[in-house]
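*Asks:* One letter stands for each residue in the lines below.
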Amino acid sequence: MENTSVQISCKNLWKIFGPKGSTLVGTPETELSPAELQEKTGCVVAIRDVSFDVRRGEVFVVMGLSGSGKSTLIRSLTRLVEVDSGEITLCGSDVVKADKNQLREIRRHKVSMVFQQFSLFPHRRVVDNVAYGLEIQGMKKKERYARVDELLRVVGLSGFAQSYPSELSGGMQQRVGLARALAVDPEVLLFDEAFSALDPLIRREMQDEVIRLQERLHKTVVFVSHDLDEALKLGDRIAIMRNGSFVQVGTPEEVVGSPKDEYVAAFTRDVSRAKVLTARWAMRARTSTMVAPPDSRIVSESALLQSVLPLVLESDAPVGVIDAGGTLVGILDRKDVLAAINYEPAESAISLNSTLVEGPQRTEGALQ
Amino acid sequence: MTVVTEPDRPIELNEAPTAPPERYQPSALAKLAKLGPWPGLVVIVLAALVAGVATGITAGFPAHWVTGIQNSFDSLANWITVHQTSAPFFAHFLTPLGSWLGDCVIWVSDFLNFLTWPGVIALFVASSLLVGNWRVAIFVVIAMAYFGLIGLWTVSMSTLALMSVSVMIAIVVGIPLGIAAAANRFVEQAIRPVLDLMQMLPAYAYLVPIVLLFSIGNPGGIVATVIYATPPVIRLTMLGIHSVPSETIEAGKSFGSSRMQLLRKVQLPLALRPIIVGINQVIMMALSVVVVASLIGTGGLGDPVLQALNIVDVGDAFTAGVAIVFMAMILDRIVSAAANRIGRPSRALSLEQQHRKRLQQGAILAGVVVAVIIGTILSGPGGFPPGWSISISGPVNSLLTWLQTHLYHYSSLPIIGGTSNLSAFTTLEILNPLTRIAGNLPWWIPVFGTAALGLVIGGWRRALLVAAGVMAIGYSGMWSDSAITLAQVIVALIMCVVVGIPLGIAAYWWDGVDRLLRPILDVLQTMPAFVYLIPVVLFFGVGNMAGVAASFVYALAPAVRLTNLGLRQVRRDMVEAGNAFGSTRMQLLWKVELPAARPSIILAINQTIMLVLAEVIVAGLVGGGGLGYDVVVGLERDEFGLGLAAGLAIVIMGVVFDRLTQGRFVRRLPA
Ligand SMILES: Nc1ncnc2c1ncn2[C@@H]1O[C@H](COP(=O)(O)OP(=O)(O)OP(=O)(O)O)[C@@H](O)[C@H]1O
Ligand SMILES: [Mg+2]
Chain P
1 MENTSVQISC KNLWKIFGPK GSTLVGTPET ELSPAELQEK TGCVVAIRDV
51 SFDVRRGEVF VVMGLSGSGK STLIRSLTRL VEVDSGEITL CGSDVVKADK
101 NQLREIRRHK VSMVFQQFSL FPHRRVVDNV AYGLEIQGMK KKERYARVDE
151 LLRVVGLSGF AQSYPSELSG GMQQRVGLAR ALAVDPEVLL FDEAFSALDP
201 LIRREMQDEV IRLQERLHKT VVFVSHDLDE ALKLGDRIAI MRNGSFVQVG
251 TPEEVVGSPK DEYVAAFTRD VSRAKVLTAR WAMRARTSTM VAPPDSRIVS
301 ESALLQSVLP LVLESDAPVG VIDAGGTLVG ILDRKDVLAA INYEPAESAI
351 SLNSTLVEGP QRTEGALQ
Chain H
369 MTVVTEPDRP IELNEAPTAP PERYQPSALA KLAKLGPWPG LVVIVLAALV
419 AGVATGITAG FPAHWVTGIQ NSFDSLANWI TVHQTSAPFF AHFLTPLGSW
469 LGDCVIWVSD FLNFLTWPGV IALFVASSLL VGNWRVAIFV VIAMAYFGLI
519 GLWTVSMSTL ALMSVSVMIA IVVGIPLGIA AAANRFVEQA IRPVLDLMQM
569 LPAYAYLVPI VLLFSIGNPG GIVATVIYAT PPVIRLTMLG IHSVPSETIE
619 AGKSFGSSRM QLLRKVQLPL ALRPIIVGIN QVIMMALSVV VVASLIGTGG
669 LGDPVLQALN IVDVGDAFTA GVAIVFMAMI LDRIVSAAAN RIGRPSRALS
719 LEQQHRKRLQ QGAILAGVVV AVIIGTILSG PGGFPPGWSI SISGPVNSLL
769 TWLQTHLYHY SSLPIIGGTS NLSAFTTLEI LNPLTRIAGN LPWWIPVFGT
819 AALGLVIGGW RRALLVAAGV MAIGYSGMWS DSAITLAQVI VALIMCVVVG
869 IPLGIAAYWW DGVDRLLRPI LDVLQTMPAF VYLIPVVLFF GVGNMAGVAA
919 SFVYALAPAV RLTNLGLRQV RRDMVEAGNA FGSTRMQLLW KVELPAARPS
969 IILAINQTIM LVLAEVIVAG LVGGGGLGYD VVVGLERDEF GLGLAAGLAI
1019 VIMGVVFDRL TQGRFVRRLP A
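Going down the list, the sequences are from chains P and H. First residue of the first sequence: 1, per our numbering; consecutive thereafter. First residue of the second sequence: 369, per our numbering; consecutive thereafter.
Among the clues, some could well be false.
Some, not all, of what chain H presents toward chain P, calculated at C-beta under 8 Å [said to hold, decoys possible]:
id, residue
1, GLY735
2, MET942
3, GLU944
4, GLY950
5, SER951
6, THR952
7, PRO963
8, ALA964
9, ARG966
Simulated from the structure, these hints should not be mistaken for lab results. Virtual Cβ for every residue (Gly too), placed ideally from N, Cα, C.
In isolation and in its complexed conformation, chain H is listed as follows (with noise of 0.2 Å):
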């Protein structure tokens, strides 16, 4: 029988239907926020009118606007260069400071010297050994007979020599500032516009005035190496003092601490791990920057990179690319070794345990001392001996030729024949057109634009200062030049996002490809930007198109990595209520996945936009023209106003772009 009994309820039955819970009113204001940006837009298409109808329909910005700005950058110049033994800021302050970095760097290039080639080896062995395990060791000991054996092992002691003093020097300045950041308020409200806007330049951008105040030379790429890693240090130390749990404060402060005491026995030594896993980043950028500061003279392994671009020979600048590449990889392995040994939690060893581990430590570095010595008598104290060097250039370049006639000249590939055509093609049919435009729109279209843009994302305030800097842009005579840069920039962009992003998905749907591109993306990340500049060279020759795709190569990894780590940080509950919907993967990806990770995609973009404007800025080194290729200019030339006002534009570039991809729109939704 198919009876479905009533059940009998022991409860009373609400008949009522539930009032409506009480309405939300809305105030006026509200209301008119409601209207969303739209009475915003039509002011400024108003204005755009009214500017347009006012100045006409003008090519890019009104030439008689452009102010002297120029000029007065040269005449600045001229003035710094005759008083700079003079005044008292360069002659008490600055030429001292100079000449105390510059010998910062001599002492340690003795140091190292002293030390001789088989005590620098045998001294990384030992510290691979301490912190790390004999793999490291052993990729230490490859690498640095690699700087030995092609001849860079002098540069590479000297880029050795101003990174260690660089970063020194950014640890010494950095902890204690980010100490009083994390403790008082007012210092933090006051250093974080600074970092912000630190962390959004390239470090090319203040090459010019560097040279200016230092002149060329080692100080000056100090300088210019602790400006562009002090922040992240000073970030990277707020951030490990905030991260320590407010219940363990508690704690201390519940047996009666003082701040000092606080700051020293619980939260200093709890942030001391993320401080030097901080640290690694901050030496991967230091590198970076060291290696490009050989454009205003420093030494080191830049040098033969730039002077092999400068001929196009592509075998040299490659095998002092490599050599980059593995200083990077050795300082990496040891530095983030020493965090890992940080980080794990110590084991409690037996007394003989204890003896051996210390007789085990006597003997590494009693190594090193013998390696000193054996070194000295050996080859007096100094470089690698260059009897032993090879010439890899041979192999290197028929290895390169042979690239280059399998992939570089055109009809070597099906379809798009070589990568010169792809090369040709991107310059003739994209990236030149889009200058074209860019640069010839009349100029109240960029500028109302850009404001409307910035009044979406982020308000009125937003909407100003972009439409300001774009102006600013056009009054320092950048206009044109800022117009190469921005369709390489847009370019780039492009491709990292429509390769990134999808690769990000793939990364997150399947394990094996997250597997897979891990690797990649971390050596990708570890590299210097500058290295980038070297096999983009090779297969599309100098030119536009270099920058574009070294861009490409150098952002790609974080709009991967970021898009993989935002997707996989979707609340697995909405991922389960889409699926009990029966949506397809298509249509949880679209309709809950993606939007639901937007803030850390828009975040990829921003990061994405950053290092591309990064890139091509350095890609003025091979050709890239725009902004990078002025700053060059000004170097090589003692074209300061050039080189100050291109400076000039790149940082106004980076800071629309960055408040263009930042926002409103990025943080509406709940966390």
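Just chain P, same shape as in the assembly (with noise of 0.2 Å):
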């Protein structure tokens, strides 16, 4: 059951860059440092026996530092880079196995990209960039022109359509990449860092867009980033990698509430955690002997600490945290928030782990 909604699914993926990179696969040279590697074979490992699944309307944000990976492991999914072993099922399809029209089948309906540099066609307007997924699958210009009014529409590009993309301001071009992206209506989209080259105000309205589209279309989303805060913002999980390797797979809360080691805890160490981490993340569960707490001072276990803290502030008394239903879950008191917020990766990290983890829906939805 639960399978029938996984859309994307990888098993134990490799790519190594360089001369005979396929025949190191699983070998011990692969697990030299990178330099060392590089010395003694010439060669890059970009992914390193990689294994995920992303879940129909998910959005599954891939971060790491430059050259960590990213850009290969996105591509290999629709094979723009073939990988050396590995399985990648996407919507039902093998990925690996598909031969050359299977392949571009997939390509054309099942799975778009937006890309970092834009990559529209500079010779192409507007239109004709948007219309380009459907004109190589052979649909009528007038049918198809139908379609691109409407998506530049939904993207706010209406009366760009005979334009061509150099008359375009950035975020703006990123529009129209979006937009032909889209589409074809694909099930899966893959974006390669794709605001990067935005400057931040127009990022962050090109993120919204991307979050406004997803509450009405739901799609499966791989987002590739680098940017920690576009991370926390789009992702429903977040994969940190490194070297090829993903270094830990969770929720923005679990990224940033206990990050695995110090490589991802020096990622969100900037990250404000009270804008991150919700009431139940910092509460202790619900126990037969807990008394609950005055009607006053109830919140919400999706409420963000922030939000809280003025109220758990007030007194040295806990504050109940309730669920959708009501129900009361669990307490939180000065104690528990300050320590979730205080997060000190080195010596504590074990420690506040261990007592975090605890709550029993905290396993739910993390790592498979």
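From these two lone chains plus the hints, build me the complex, please.
*Replies:* Structure (structure tokens):
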């Protein structure tokens, strides 16, 4: 049952660039540091034994420093980069085993991609850029233009159909890129650092646009980014990538609240934790002995710590945490909140983790 | 359970649809521009109709409009001939210049003579060894032995002498001009249009005026070569200096270098490699002109080819043609080796290695001296011993006869018969009808037709320029001869495009094809235009088809090269985007790669058409007819008026072709 909702499934993917890279898969050589491996074999491990599933309607963000293999990974999903070993299932099709025609069908109908450099076709007008995917499927001009009209309205660019990409600003160009990807009504959308080339304000605008669209369209999204704020804002789950491997996969709360190691911690250090963690994250789960706090001191479990802080700090007494149905699920006091907010990774990681992971809800929907 | 947990997003949602970005408000002018060239085209069509009604359906250009320009040219020529000794411009400038140029050639020839043939060969071998390697040296020995053995030593040496003098002058004039243009915007602006024009003209077009001014002989040949070869030297120098990265220049400036210091110590040393690489091309271009200049009485390797072609003795033309190719290859190998050497960072050598290297160099130079001494003792100064020459015309002729029987004569090949049939067919069924159509269209159709093309391509000024050009050809009385040339150019261009662009695509798709084509194209691009006439005459006989075939072979290389290059330069991420949407290879090619490579492909067509024109003109020598033949007639029968008018028509045609294949629609794509 769970399986039917999995849209993208990758198992043990490997990609090693360089001379005879594929022969190195799984050998002890790959355990060498990147510099040593490069020195010895001239190869770079871009994807190292990566496995993950993405469910229908989920936004899965892949984060990592430059060169960690994000682009390679997202491209391998449609075999724009050929992997060396592993399995990829995309909307029920085996991508790795697909022949040329099957692969083309997958690319035409199932998946679309939005690119970092926009990668619009400079010789085509906006309409024909957006219509590209439909055009190569053989859709009639009238039909595809009608669809493009609608899409341009969706991304707020009606009236620019006849412009050339070079006449548009960066943000507008990426709206075209987005419309082009949406035009074929794919089940899966791939974004490769789609907004990194835009300035911060426009970037935020585009992120909001994606959220707005996602609420309507419920696509399955893989979003590559190196911007943690973006990842937290968009991601249902975030995978942190380093030297080709996934270091940690989890919800924004998990990644920020309990980074698995120094690398992830360093990534999340500058995030304002109160803006990411929820009451549910910091609370102590309900026990039979627990006394329900008064109605004036009740917060929703999905409330951000930031918003419950004033109430919690008001007095020493704990605050009650209720779920969507109004049932009390736990309590939260000043100490709990401060502990969650002032998380210090180095020495407290283990202890904090062990106390926090106690709540039964927490493991659900985490790493699978 | 199939719960898709609604993510608790730690952010506020922006419910309002994002406001559309501000609209771009077109101005009135921009609105007009949006209409494109249509209003202009309507104007041109109306003008054509008015002109048509006014002058009626004429066959070609109305005869009574033709000006007496040819007669004026003739009287000008007469005046020059009469005043050659008396007018100050001649007496005090051109005549001394001419005799000085002649002296230069004599000095170089004397020097080569002094070296004797073993000395010359030793000198070339030594240069090959110093800048290149043994392979180059061995090739040089074989090629130069060929000059001697087939009895062409003396003419080879005169070609060499002419070349050396011309290239030296081109460099001595060109590099300072290039530096001046790179340093000074005004100089650049003054020079650039001249360079543009010079680069478009086939050398052939200015042979007639040169003969008028310098009369026939070496001086004229050198002037023609220098005119042809100097512009690229200037361009290369400018390019080389401009290619020095601006950070490097800033670094130089930050140390407080003066402008001269900056130039001498930073820019010129760094520009040296591109300049030397370019000199290689210049040498090749010079060679191609030096050979053609045999037409105006310079000696050298072009002469035997010319004489042989005149009596359609393909065997002799062939042996001399091979000598020209060898000459080109010798110079190309040595100069490119030198360019490579300069480009390579020199290794630090140990003292012992340095010592050994110096010894080697000394030995090589000593070898040259010894060779000179031996040569002088053996044969005295001068040429290759005649007794050593072998005649290869026997085997060459039997090979050619074999080729002729198996390829040329009809029914020797399946389907097409023989190349002679192909030639006859193309001439009768394609070239002649096309010539008739081009020559007999009422004048206003070509005139306003080119204007319309010009308008679409480059706007009103372009339209006026090209239309004026076509009119000028008519006025000069070259209308019907230009039609002959035009027909050949069109057919050869179509062949180049139809064969060259697919080959370029194939080389882009398959690296194997690229590797296979590369050396072939290299050779094709090294050979002087003239040489192509020889095999062409063998297969197609003299006549129009020879011009078409030679032009096709001559101009094919850039069509293939630039197409391949243009496709390879298409941004990879765009190709990837095309792939990501599931394009087939053909869809990717037609919808993404070719449109994105359009500027290069149009450049390819531009280059191809210019080369085709140049070669069609040269093919006048083998009965190609048209303007090229008029030039030959003008030179051989002293019909200067005809020759000058034809030269002028060639220039105009070149400019019109160039302007029609360059412009707005080439540049519209952002980089
Ligand atoms: N075509 C290729 N050939 C060889 N090596 C490659 C190739 N593409 C990527 N690599 C290498 O693989 C590693 C991963 O590259 P990738 O582009 O996937 O990183 P990335 O995480 O997307 O980085 P960025 O944030 O800079 O885009 C890098 O070390 C890169 O140098
Ligand atoms: Mg990347």
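*Asks:* Out of the numbered hints, which ones does the structure contradict?
*Replies:* Of the numbered hints given earlier, the structure breaks just one, which is hint 1.
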